[in-house]
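Asks: Letter by letter, the chains look like this.
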Amino acid sequence: MNNDEGGTDDEEYRVATVIDRVNTTFEVWQSTAMGCVQCHSHPYDPFKHEEYYKLMAFFNNTRDEDTPSESPVLKFYTPEQQKGVDKVLDWVAKHGNEKQHTTYKNFLQFTEPVYKSHFFKEFKSSVYDDHASVVFWDDGNLIIENAYTNNASLVYLNYRSHYDGTKMTIREKDSNGPILGEFVINKAKKNTTSQFPIRKIDKKTDIYIETQNNAIAKEVNILNLYWIGFLEDMPGKEQPGWANINSTFIEALNADTPTVPILSENPDYMKRTTQVFDRGSFMVKTDTVQPATPESLNECNPDWPKDRLGFSKWIVDKKNPLTARTLVNRVWHQIFGRGLVSTIEDIGSQSEPPTHPALLDWLALRFMNEYNWSVKSLIKEIVMSGTYRQSSESSPEMYQIDPDNELYARGPRIRLGAEQIRDQALAVSGLLSNKMYGPGVMPPQPEGVWETVYNGAKWMESKGEDRYRRGVYTYLKRTSPYPSFLTFDAGSREVCMIRRTPTNTPLQALVTLNDPVYLEASYQLAKNTMIPKDVDASIAVAYKRATLSEIEPTSLQTLKDLYETSLNEFSNNPEAAELFLHFDKNPTPQLSAMTVVTNAIMNLDEFLTKA
Amino acid sequence: MEDIIKRLLKEQLAREAQAKTRRHFIKNCAQGIGGLALSSIFMGCDPLGKPVKKSQVAFSERDLNPLATLAPPFSPKVKSVIYLHMAGAPSQLEMFDYKPALHKLDGQDCPQSLLEGKKFAFIKGTPKLLGPQAEFAQEGESGNWVSNFLPHFKKVIDEVAFLKAVNTDQFNHGPAQLFMHTGSARLGRPSIGSWATYGLGSENQNLPGFVVLTSGGNAPDAGKSVWGSGFLPSVYQGVQCRSKGDPVLYIEDPDGVTRDLKKSTIDAINTINKEEYAKYADPEILARINQYEMAYRMQIAVPEVMNINNEPENIKEMYGVEAGKESFANNCLLARKLVEDGVRFVQLFDWGWDTHGNIREGSVDLGLRNKCREIDRPIAALILDLKQRGLLDETLIVWGGEFGRTPMQENRGNKKMEFLGRDHHGDAFTMWMAGGGIKKGASHGKTDDIGFSGIEGRVSVHDVHATILHLLGFDHEQFTYEFQGRNFRLTDVEGEIIKEILA
Chain E
1 MNNDEGGTDD
11 EEYRVATVID
21 RVNTTFEVWQ
31 STAMGCVQCH
41 SHPYDPFKHE
51 EYYKLMAFFN
61 NTRDEDTPSE
71 SPVLKFYTPE
81 QQKGVDKVLD
91 WVAKHGNEKQ
101 HTTYKNFLQF
111 TEPVYKSHFF
121 KEFKSSVYDD
131 HASVVFWDDG
141 NLIIENAYTN
151 NASLVYLNYR
161 SHYDGTKMTI
171 REKDSNGPIL
181 GEFVINKAKK
191 NTTSQFPIRK
201 IDKKTDIYIE
211 TQNNAIAKEV
221 NILNLYWIGF
231 LEDMPGKEQP
241 GWANINSTFI
251 EALNADTPTV
261 PILSENPDYM
271 KRTTQVFDRG
281 SFMVKTDTVQ
291 PATPESLNEC
301 NPDWPKDRLG
311 FSKWIVDKKN
321 PLTARTLVNR
331 VWHQIFGRGL
341 VSTIEDIGSQ
351 SEPPTHPALL
361 DWLALRFMNE
371 YNWSVKSLIK
381 EIVMSGTYRQ
391 SSESSPEMYQ
401 IDPDNELYAR
411 GPRIRLGAEQ
421 IRDQALAVSG
431 LLSNKMYGPG
441 VMPPQPEGVW
451 ETVYNGAKWM
461 ESKGEDRYRR
471 GVYTYLKRTS
481 PYPSFLTFDA
491 GSREVCMIRR
501 TPTNTPLQAL
511 VTLNDPVYLE
521 ASYQLAKNTM
531 IPKDVDASIA
541 VAYKRATLSE
551 IEPTSLQTLK
561 DLYETSLNEF
571 SNNPEAAELF
581 LHFDKNPTPQ
591 LSAMTVVTNA
601 IMNLDEFLTK
611 A
Chain B
1 MEDIIKRLLK
11 EQLAREAQAK
21 TRRHFIKNCA
31 QGIGGLALSS
41 IFMGCDPLGK
51 PVKKSQVAFS
61 ERDLNPLATL
71 APPFSPKVKS
81 VIYLHMAGAP
91 SQLEMFDYKP
101 ALHKLDGQDC
111 PQSLLEGKKF
121 AFIKGTPKLL
131 GPQAEFAQEG
141 ESGNWVSNFL
151 PHFKKVIDEV
161 AFLKAVNTDQ
171 FNHGPAQLFM
181 HTGSARLGRP
191 SIGSWATYGL
201 GSENQNLPGF
211 VVLTSGGNAP
221 DAGKSVWGSG
231 FLPSVYQGVQ
241 CRSKGDPVLY
251 IEDPDGVTRD
261 LKKSTIDAIN
271 TINKEEYAKY
281 ADPEILARIN
291 QYEMAYRMQI
301 AVPEVMNINN
311 EPENIKEMYG
321 VEAGKESFAN
331 NCLLARKLVE
341 DGVRFVQLFD
351 WGWDTHGNIR
361 EGSVDLGLRN
371 KCREIDRPIA
381 ALILDLKQRG
391 LLDETLIVWG
401 GEFGRTPMQE
411 NRGNKKMEFL
421 GRDHHGDAFT
431 MWMAGGGIKK
441 GASHGKTDDI
451 GFSGIEGRVS
461 VHDVHATILH
471 LLGFDHEQFT
481 YEFQGRNFRL
491 TDVEGEIIKE
501 ILA
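From first to last, the protein sequence lines stand for chains E and B.
Each residue of the first sequence is one higher than the one before, starting from 1 at the first, in my numbering.
Each residue of the second sequence is one higher than the one before, starting from 1 at the first, in my numbering.
A couple of the hints might just be wrong.
[As the list claims (entries may be wrong)] Covered stretches of chain B (chain E as the covering partner; in silico rule of three or more C-beta atoms under 8 Å from a C-beta of chain E): (1) 186–199; (2) 220–230; (3) 237–245; (4) 248–262; (5) 294–304.
Treat the hints as calculated values from the structure; they're not laboratory data.
Quick caveat, the model's predicted, so the values are computed rather than measured.
From the three backbone atoms N, C-alpha and C, an ideal C-beta is built for every residue, glycine too.
Take these sequences, add in the hints, and give me the full structure.
Replies: Okay, structure coming up:
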């Protein structure tokens, strides 16, 4: 959602992100189209316009602000680095209170709260550049409005400094205000976090910052400042060993680590106010609102904090009428291909009515009270039901009477999802890796599909078992999604997609017929199931492994004919076998022919469909 | 609270009544259409070995084939669209929007009144005005202006209707491209080609209904989302046909597999799937049988249509094609072949129009002239070629970028730059359309003396979309898709048909 092209308004995109979070949260957890209420009171469901913004107020106080660094980002220290971090935190725990411990832990983990450079104002001989830092020239200055220094005696700066001897002056209020700090910043090519002494003040005030370096020509970039932070002093300053701990702290702040973007809450002194947007327009703000949940739903316990944590408690409160129904309905949808309320994204007054309202409520209550929200128990309950265990066999008459199987006179029959189709092909061929966790992987995809303008990221094809991991580990980029997933309706995840719309297209057939991933899977399946000199048994075993059912004699005959045709072709043209199974050292016509057969099996409706 | 409940109850009853009638209606229709479709499919494959009674099936042709041709609600002016997008945003001031006054003001400070409250991507402080870097003349019977950067274009200028005062509220490439193609600057909405194929299906079932071709060495900044299907089913997304590798992903058989063997494979799959249908009676199986046959035919049709080598020499010459390369000229010729074969929507993106003046290629004098050279002959050829085949009347060609460029010279970092360039500018830029239903030689809209703002006939991106949908036979206000609890339109809540350029 971030957008950091030249000239975009960070606040506009930050607000868009918050709106997306409100809408997504309600779709995911409450099956409610709250997006409607952004512009006006809900035309059908009992939600008022201002209630949208009261909900938004829960989400509107996170530190992320559409910066290119995607901050705040959680750092992952190496065990060696973590030792230093632990030393600092042990010190703070020993000499300080719990609040100080949390402050230092947060700062070490995700470097917040800090004032980022896009927040600065009134630039003179300084300029906010490319959404990341402020460039200072000689005699450059700026203002940070309404900042709080936390009564700290040190200021933290994150910068790159291009020369030695740059003098920075920090003042209260403006260029004539009392001096808070004066210090010299020396050359640092690498992005650096350092601390400098300041005078303690315990109030909110505008902060004025100025740089001077007379040795450098005018209008030359002397310093890039990324953020400025005021951290409550580290306790135990009078104790022996403080200086050591302090330098360990600075070292940890500058440690090079992998990161992942997270959300973190604003401290009180950085809280944003939330206003109603007139007719949904971010440009026209009206009444100020406080965090609150919609009146027509369960009450929000006044003891819960007015932040995302409190909001999450409200969601999973057993008095919430929507959460358990939403989850039960979604699991039912995944198992039966159709929810008890078929519009799983919306169970409001405009949705399809539930086909079995009592069942939905019964399952929702059991899910909360007996299964203690265990999705696994819920799935077990559903898949062990007589309804689920029915045969999916049907007749045209049954289809005509009940095309969507709303009456459950037969078992479900649904095409597998994009990731499942690939996973299943890998699984039956014995290629699937069971490796769990870790970063995403890049399984093979055709050359030239991965295109990212500007950032130069590359699709580095994974090696070894990483090529064969479950689809959930496949690296995703919204502007260049994994092609075969897209073809099988996975969507590109630009907005929350509660329900994928399954389609049936020739491009899907081309994937499972021709994509090298499926070819390799077919080859492995053929190789693993070949029984020498027994074509019938080989086909039957491969079929059973792929579909978990015995092959019908007519199907066996059809596949055997295909085997004979293929064998004939490959025997007459040994080169074709070598081209076809180029990854095999010594491809026989028999194995090639059996690979054609297993590829056909992997294209059967029975293989692609759960029945 | 009681009021709400009463109202909800009343509306629910009304809705149920409505749903009943609607369902009744659809069911009746579906039987008719479904029966028709099935009989044509079963003629070839006869899945049950016995005739199927029409009354036994209750699904529509769309269930079997989501790209089945549908008639639009109103009488259409065109069958297909070729949309030529110059990604990066071409300078209207060097191509179509002639501003002699800007010549005289060249080098002077831009008046503060124009800068107040405006945001630019890179311009800082007070920039200087930059006169047109091309020479202009009035051409054709229409006497419309075109610059000497486009010498071939004058041959077709009387076929074209200009929009001289298009505006957008986006000034960065990604969001502006999304806005131009999906009606929204943020991700998640269907592109115009997806809407068209969703509404009309495809005329040729052996080719994708919505084809995308790119040139200029890069894909558009907004990525594949500019031809994405958003919340529409993914079958309606644009299919990128490539110049290198498989023209369509996985269209080529694996090495060593002959066409005959592929046919035997598909026959075996479909024979077993037919048995499957006898068991489960699930119409999705019939759809799958159909899709596998289509895939087989597509494997022949796509490489055929994507091969320009067999075109006559005079046609290749006319477009200026470069064999074996990825070029805008090749893509124009492909676009003609695709619409000729019944593809609904062909989207061309040509990258490299972002003339900031930071590099030689990106300058409004030298770089732009080269880019114009790359598109000038092919575009003229495309219009003339369609015309000589009688296809221009049933095809709409749209030309434009995602925004225009400033009358001021860019001064990135508040400094004079090495080459002459212009910054992004959304207040006023030029687009044009040609083909069926378009008033030949028209020019709508006017910008002020320096080309900063539209002063007459200002049109928005939504207006452009409303007009394209109108020509395809849709009322843009009625053409909706329900998602997240409400009906979505390509034109959101805006858009007016630009009648001034309609024949």
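Asks: Work down the list of hints and note, for each, if the structure agrees.
Replies: Status of each hint after checking the structure:
1. 186–199: holds (count 3)
2. 220–230: holds (count 8)
3. 237–245: holds (count 5)
4. 248–262: holds (count 14)
5. 294–304: It holds: at least three residues are needed, and the region 294–304 of chain B offers 4 whose Cβ sits within less than 8 Å of chain E.
The structure fails none of the hints (numbered hints given earlier).
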